[in-house]
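Trainee: The primary structure of each chain is shown beneath.
Protein chains: 2
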Amino acid sequence: MATVKGNCIVAQSGGPTAVINASACGVIQTALKHPETFTGTYGALNGILGVLNEELFDLGKEDPATIEGLKQTPAAGLGSCRYKLKDLTKDRTDYERIVEVFKAHNIRYFFYCGGNDSMDTADKVSRLAGEMNYELVAIGVPKTIDNDLAETDHCPGYGSTVKYLAAAIMEAGKDTDALYTTDTCTIVEVMGRNAGWIAAGTGLAHRDEQDAPHLIYLPEIPFSVDRFVKDVAETVKRNGGCVIVAGEGIRDEKGCFLAETGGAFGKDSFGHSQLGGAGEVLRAIVEQEVGIKARTNKLGTCQRSAMHFASLTDRDEAYLCGQAAVEAALAGKSLKMVTLIRGGSGIRGGSGTDDYSCTTGLADLSQVANGEKKVPRDFINEAGNHITQAMRDYVMPLVQGEVPVQIGSDGLPVYVRLRRNVLARRTAGRFAKS
Amino acid sequence: MATVKGNCIVAQSGGPTAVINASACGVIQTALKHPETFTGTYGALNGILGVLNEELFDLGKEDPATIEGLKQTPAAGLGSCRYKLKDLTKDRTDYERIVEVFKAHNIRYFFYCGGNDSMDTADKVSRLAGEMNYELVAIGVPKTIDNDLAETDHCPGYGSTVKYLAAAIMEAGKDTDALYTTDTCTIVEVMGRNAGWIAAGTGLAHRDEQDAPHLIYLPEIPFSVDRFVKDVAETVKRNGGCVIVAGEGIRDEKGCFLAETGGAFGKDSFGHSQLGGAGEVLRAIVEQEVGIKARTNKLGTCQRSAMHFASLTDRDEAYLCGQAAVEAALAGKSLKMVTLIRGGSGIRGGSGTDDYSCTTGLADLSQVANGEKKVPRDFINEAGNHITQAMRDYVMPLVQGEVPVQIGSDGLPVYVRLRRNVLARRTAGRFAKS
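Protein chains in written order, with the working numbering: chain U, 1 to 434; chain D, 1 to 434.
Hint data in this document are derived by calculation from the structure and do not stem from the laboratory. Beta carbons are placed, not taken as given, at the ideal position from N, Cα and C, and that holds for glycine. Hints are not guaranteed to be accurate.
Said to hold, decoys possible - Distance condition first, Cα-Cα at most 30 Å in a straight line; then the derived DSS-like pairs of lysine-lysine:
1. U/K293 - D/K84
2. D/K86 - U/K293
3. D/K230 - U/K293
4. U/K86 - D/K293
5. U/K84 - U/K254
6. D/K374 - D/K230
7. D/K33 - D/K61
8. U/K373 - U/K90
9. D/K90 - U/K293
10. D/K103 - D/K33
11. D/K86 - D/K333
12. D/K86 - U/K237
13. U/K90 - D/K293
14. U/K374 - D/K293
15. D/K293 - U/K84
16. U/K103 - U/K33
17. U/K293 - D/K374
18. D/K84 - U/K237
19. D/K374 - D/K254
20. D/K293 - U/K254
21. U/K33 - U/K61
22. U/K61 - D/K333
23. U/K84 - U/K103
24. D/K84 - D/K333
25. U/K293 - U/K84
26. U/K373 - U/K254
27. D/K374 - D/K84
28. U/K86 - D/K84
29. D/K33 - D/K90
30. U/K237 - D/K61
31. D/K237 - U/K84
32. U/K103 - U/K333
33. D/K61 - D/K103
34. U/K333 - U/K84
35. D/K374 - D/K86
Unchecked claim - Residues from chain D that keep clear of chain U, each with C-beta distances beyond 12 Å, as calculated:
36. S224
37. E327
38. G346
39. A390
40. D410
Start from the sequences, fold in the hints, and give me the full structure.
Mentor: Set out below in structure tokens:
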């Protein structure tokens, strides 16, 4: 039973995904069905920044068709942010400001879609509110293409990124295959700073020996230039060409990112060392050390927002997580994040049995905040340059189905934009981003 | 009336596209229906290289379902190449070798899918064969995502690249919009060395002022760093963020490619100056001169092989071109390339009338070989940083419809691979790639 009646707010944080709006939709549509508990359903502009700035809007005033359209609209329709709150033990200003704004608008339920930093924020804000004798229910909704959150089998956003990237790499593989006499090697740099889930997932495209990707490098396995050169040379000899997937966060034995430690290969032309450069470093190594022409594809933000070929399973689970968050609040829970639990044998697609199911559970926000899940060693082959059947079995159910996208008369997808009916200010303070 | 009976051969050349296999399919399926003229239907492995190397295969021995599957398989199923024949007036070796191989296999019909270099090759080989008293019919099939071939309204491959890129940029635009408080600017580098058709086409995603792309830079308009900095700053001020599309071939007033002339911005870490670097140069300019964070997306070969969101109109026209090439040969034509002719008012989609039609015509190979079509000035706005309604009207019909792609039990597209039943050699010579 919900313990308090008041307004609820939903916010989105961190890097957008193809399906974080589906989660928001799940929260909004479910909350709107329970006016007995939620007197109003609000959104925060750009995550926690919108609360700090008191930039809130009334989602109940949106056209229901627009809310429904969030299910097929990528990125963060409410706006997102990368603002990290200060350490609560050192500076309570941000937290007290958040509680002030929540109080001013009688916001009693805080649904936060994000990664572990967001779960930490939700946890601490709710606890501080309690200390201040203001009851604030906080429920987290998991979101990250990186798939590295603890306590959940997988994360909404991940399946869609893998589905799109695997298809794109399959296609780039056909392209490389067709031109192997000149453009012999293609390197695709994918996201994933600390965990290689995305890179590993693209291995699904490798149905047989000829299929791309032929080599996959993850942050979990220390990168060796010598071994890499050997891998590429052998693959080209056997296959005629080579398509390589590399996580942006690949690093050497000392834990230094490749883009920072590539030595002669490593610095960019502006003297910067930075992530996002791993692909270019690998290209230089291939051209100089293997002696073949290499190209680099870096899909960047396109890989996390590709609703035009998103996973229906992922989208539906993202919605489910939003729905479950509201239901948990209605059941009197707080300080929890919704998790996804794989049921049955957990396998679907390919030659496996068709026995995947998924339900939701709840984990403590604090557990998620302090955890991180990497790709297990047995999901990676012995040589550390590709995946195993266990990884294929893990990821295959997550990329099943395609989200139906509305196409406009101009031949392009139709995505919605919220009207964002702004709430009148009730506090004097205005937060200045530091 | 066809003037000679014999075998026909189809070959693919240059950068692959999503639909060049549809053109090959059009050639193959049409040729197989006419055994009274085409005693055999062959393919060359990797374009003209396969002829020089006498690496030919019998397409009549492929499973018809595989041939049909070419309609939804990207890149060049026969293999492609970037081999440029030597100047006929200086060295006849290559040409004579081609005629030798054609003679040995009684190949009388040469269908070549490619760009202007390929049309030049087909033209010269056919003429030289004639001089050697060997009747060889040569018909070209247009292919290039660059859309820069003369004599044709547009080129198969272009519409699919634009459809995919415009959707990807629309999605990346939503992503940038959601994170504009930190990741304020996104630069998408697209293909197009000499002509800006691809960059211009992505302007279709800009349905209103808030929609990406906000700025578009083409090789046709000399690039000015000062004007660019001003454009970006103004856009960010007005819109909060900025998504920029840049053709890889943008260049300054002197015609020097940006990646070569960026001065402090221009060289990569390995001392190379090269195409494909324009996006990174722009990123450096934005970060240093505008003072905001910028990201770069470079879809590379993914943009020309994205069958998973290809244009059905483009695919069907690509097939039509292959079919028309064979029909032209059957009608006794030679030394021609199939062209696409826009009929009606030529407009479809958006707010325009629904009055687009497309038929095929024929142009002299030599005319295509020596021509190049750039984006007309009136398709580009006065400021030289976006497109006009005329460009929208031109491109909109070309991106209509989506190619239905078969999805496997693993959730990913199913593309075919030809078996390539190799023909026994009939010549002693073996060409060594120089």
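Trainee: Hint by hint, say whether it matches the structure.
Mentor: Against the structure, the hints come out as follows:
Distance restraint check for U/K293 and D/K84: the Cα-Cα separation of roughly 17 Å lies within the 30 Å cut-off, and the hinted pair is therefore satisfied. With a C-alpha separation of about 22 Å, the suggested pairing of D/K86 with U/K293 holds against the 30 Å cut-off. The straight-line distance between the Cα atoms of D/K230 and U/K293 is roughly 37 Å, outside the 30 Å bound, and the hint therefore fails. Of the supplied pair hints, the one linking U/K86 and D/K293 holds, its CA atoms being roughly 22 Å apart against a limit of 30 Å.
Under the criterion of a C-alpha separation no larger than 30 Å, the hint pairing U/K84 with U/K254 is consistent with the structure, at around 27 Å. Restraint check: the Cα-Cα separation between D/K374 and D/K230 comes to about 26 Å, which is no more than 30 Å; the hinted pair holds. Taken as a hint, the D/K33 and D/K61 pair is honoured in the structure, with Cα atoms around 14 Å apart against an allowance of 30 Å. Only pairs whose Cα atoms come within 30 Å are accepted, and U/K373 paired with U/K90 is accepted, the gap being roughly 28 Å.
Distance check on the hinted pair: D/K90 and U/K293 sit about 29 Å apart at the alpha-carbon level, within 30 Å; holds. With a CA separation close to 23 Å, the supplied pair D/K103 and D/K33 stays within the 30 Å bound. Annotation: proposed proximity of D/K86 to D/K333 holds, straight-line Cα distance about 26 Å (limit 30 Å). About 29 Å separates the Cα atoms of D/K86 and U/K237, which keeps this hinted pair within 30 Å; it holds.
Note on U/K90 and D/K293: the hinted pairing holds, with a Cα-Cα distance of about 29 Å set against a maximum of 30 Å. Taken as a hint, the U/K374 and D/K293 pair is honoured in the structure, with Cα atoms around 29 Å apart against an allowance of 30 Å. In summary, the hint linking D/K293 to U/K84 is supported, as the alpha carbons are separated by about 17 Å, within the 30 Å threshold. For the suggested pair U/K103 and U/K33, the alpha carbons sit about 23 Å apart, so the restraint of at most 30 Å is met.
Our distance criterion of 30 Å between C-alpha atoms is met by U/K293 and D/K374, whose separation comes to about 29 Å. Simply put, D/K84 and U/K237 have alpha-carbon atoms about 25 Å apart, close enough for the 30 Å limit, and the pair holds. Of the pairs offered as hints, the one joining D/K374 and D/K254 holds, with about 18 Å between alpha carbons and a cut-off of 30 Å not exceeded. Of the supplied pair hints, the one linking D/K293 and U/K254 holds, its CA atoms being roughly 29 Å apart against a limit of 30 Å.
For the hint linking U/K33 to U/K61, the alpha-carbon distance of about 14 Å falls within 30 Å, and the restraint holds. In summary, the hint linking U/K61 to D/K333 is not supported, as the alpha carbons are separated by about 66 Å, beyond the 30 Å threshold. Distance hint between U/K84 and U/K103 is fulfilled; the C-alpha atoms sit about 22 Å from each other, no more than 30 Å. Distance restraint check for D/K84 and D/K333: the Cα-Cα separation of roughly 25 Å lies within the 30 Å cut-off, and the hinted pair is therefore satisfied.
Under the criterion of a C-alpha separation no larger than 30 Å, the hint pairing U/K293 with U/K84 is inconsistent with the structure, at around 42 Å. For the suggested pair U/K373 and U/K254, the alpha carbons sit about 20 Å apart, so the restraint of at most 30 Å is met. Distance check on the hinted pair: D/K374 and D/K84 sit about 23 Å apart at the alpha-carbon level, within 30 Å; holds. Distance check on the hinted pair: U/K86 and D/K84 sit about 61 Å apart at the alpha-carbon level, beyond 30 Å; violated.
For the hint pairing D/K33 with D/K90, the CA-to-CA distance comes to about 40 Å; that exceeds 30 Å, so the pair is violated. This hinted pair checks out: U/K237 and D/K61 have alpha carbons roughly 28 Å apart, not beyond 30 Å. Under the criterion of a C-alpha separation no larger than 30 Å, the hint pairing D/K237 with U/K84 is consistent with the structure, at around 25 Å. For the hint linking U/K103 to U/K333, the alpha-carbon distance of about 20 Å falls within 30 Å, and the restraint holds.
Between D/K61 and D/K103, the direct Cα distance comes to roughly 21 Å. Compliance with the 30 Å bound is thereby established for this hinted pair. At roughly 25 Å between alpha-carbon atoms, U/K333 and U/K84 fall within 30 Å of each other, so this suggested pair holds. Using a Cα cut-off of 30 Å, the hinted pair D/K374 and D/K86 holds, with the two alpha carbons roughly 26 Å apart. Listed as a non-interface residue, D/S224 keeps its Cβ farther than 12 Å from every Cβ of chain U; the least gap is roughly 21 Å.
Remark: the non-interface label on D/E327 is consistent with the geometry, its nearest Cβ contact in chain U lying 26 Å away (cut-off 12 Å). Against chain U, the non-interface label of D/G346 holds: every CB pair exceeds 12 Å, the least being about 15 Å. At roughly 15 Å, the least C-beta separation between D/A390 and chain U is larger than 12 Å, which holds for a residue marked as non-interface. The Cβ of D/D410 does not lie farther than 12 Å from every Cβ of chain U; its closest approach is about 5 Å, which violates its non-interface assignment.
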